[in-house]
Amino acid sequence: MSFFADIPKYEEDCEGGDDCCSTANNNLSDEADEKVREESDKDKKPLYIAILSVLISIPALGFAHAITFAISLTILSNLSQYHYHKCCTRRSDKGHWYKFGPFYLTAVAVPFATVDILRHILVDNGLWTTKSRWSPAAYRPGCNSESMKCLSATGWFFVVFCTYFGYILLMVGTIWCADLHLKIKKLWKQLRPSK
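Everything in the sequence shown is counted per UniProt numbering, starting at 1 for the first residue and increasing by one.
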């Protein structure tokens, strides 16, 4: 018989509850001790879910949309400015469109590529509601699948047309500004000489 038998055990994960720090648990076998630990681990899982639900909450989602919009707008507008300065060094003997065409394409691409994120921000802040003349919902009501087949007219316009059109313009403008098409053509001729 030990002198310390009646003193409750101290466990690192003890939070003052009856399950882990009571004197009744001191006399349990190792197997029962493990069961208690497993049960306390099961009790902790809702904490993870609570943390995730806070991270995925409506204010966090609105903040994420605002940060995404700010970063996208910053990067795309800076890329457009870079294309402008790069186009200023291009030859002008082939015409104005040849010289500044890449800049025009990327400048037009900026609002197209960011308008869907702006739609999210307007919806998050209650500036564009379902009571508006044109519904901001990207998906049709009653359609449970988040696929392209369930997109509403708003979804098709903003998600598909504007975003894809914006990124296609951005890609063409960037390839044109870097003269990548000419570099590929030159390399192709070097790799495949005429017979």
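Mixed in with the good hints, there may be bad ones.
Said to hold, decoys possible - In silico SDA-like cross-links for lysine to any residue, where the CA-CA straight-line distance does not exceed 25 Å:
hint	residue 1	residue 2
1	Lys186	Phe100
2	Lys185	Lys131
3	Lys94	Lys189
4	Lys131	Phe157
5	Lys149	Lys186
6	Lys185	Ile168
7	Lys94	Asp179
8	Lys186	Tyr164
9	Lys86	Ala107
10	Lys183	Leu118
11	Lys183	Val123
12	Lys149	Tyr139
13	Lys94	Lys149
14	Lys131	Cys150
15	Lys183	Arg91
16	Lys183	Gly101
17	Lys185	Cys87
18	Lys86	Ala60
19	Lys94	Pro111
20	Lys185	Arg90
21	Lys86	Cys177
22	Lys185	Gly95
23	Lys99	Ile117
24	Lys185	Val123
25	Lys94	Phe157
Simulated from the structure, these hints should not be mistaken for lab results.
Status of the hints after comparison with the structure:
1. Lys186 with Phe100: holds (23 Å)
2. Lys185 with Lys131: Answer violated: Lys185 to Lys131 is near 54 Å, above 25 Å.
3. Lys94 with Lys189: With Cα atoms ~23 Å apart, Lys94 and Lys189 stay inside 25 Å; holds.
4. Lys131 with Phe157: holds (19 Å)
5. Lys149 with Lys186: Judged against 25 Å, a Cα distance of about 42 Å means the pair is violated.
6. Lys185 with Ile168: Holds, at roughly 21 Å.
7. Lys94 with Asp179: holds (14 Å)
8. Lys186 with Tyr164: violated (29 Å)
9. Lys86 with Ala107: holds (14 Å)
10. Lys183 with Leu118: Cα-Cα ~37 Å, so violated.
11. Lys183 with Val123: violated (44 Å)
12. Lys149 with Tyr139: holds (9 Å)
13. Lys94 with Lys149: Violated, at roughly 45 Å.
14. Lys131 with Cys150: Holds, at about 20 Å.
15. Lys183 with Arg91: holds (17 Å)
16. Lys183 with Gly101: holds (18 Å)
17. Lys185 with Cys87: Distance ~21 Å between Lys185 and Cys87 Cα, so the pair holds.
18. Lys86 with Ala60: Judged against 25 Å, a Cα distance of about 38 Å means the pair is violated.
19. Lys94 with Pro111: violated (28 Å)
20. Lys185 with Arg90: Holds, at about 19 Å.
21. Lys86 with Cys177: Holds. Lys86 to Cys177 sits at ~7 Å (cutoff 25 Å).
22. Lys185 with Gly95: Holds, at roughly 22 Å.
23. Lys99 with Ile117: violated (31 Å)
24. Lys185 with Val123: violated (46 Å)
25. Lys94 with Phe157: Violated, because 36 Å separates the two Cα atoms, which is more than 25 Å.
Hint compliance for this structure: hints 2, 5, 8, 10, 11, 13, 18, 19, 23, 24 and 25 are broken, all remaining hints hold.
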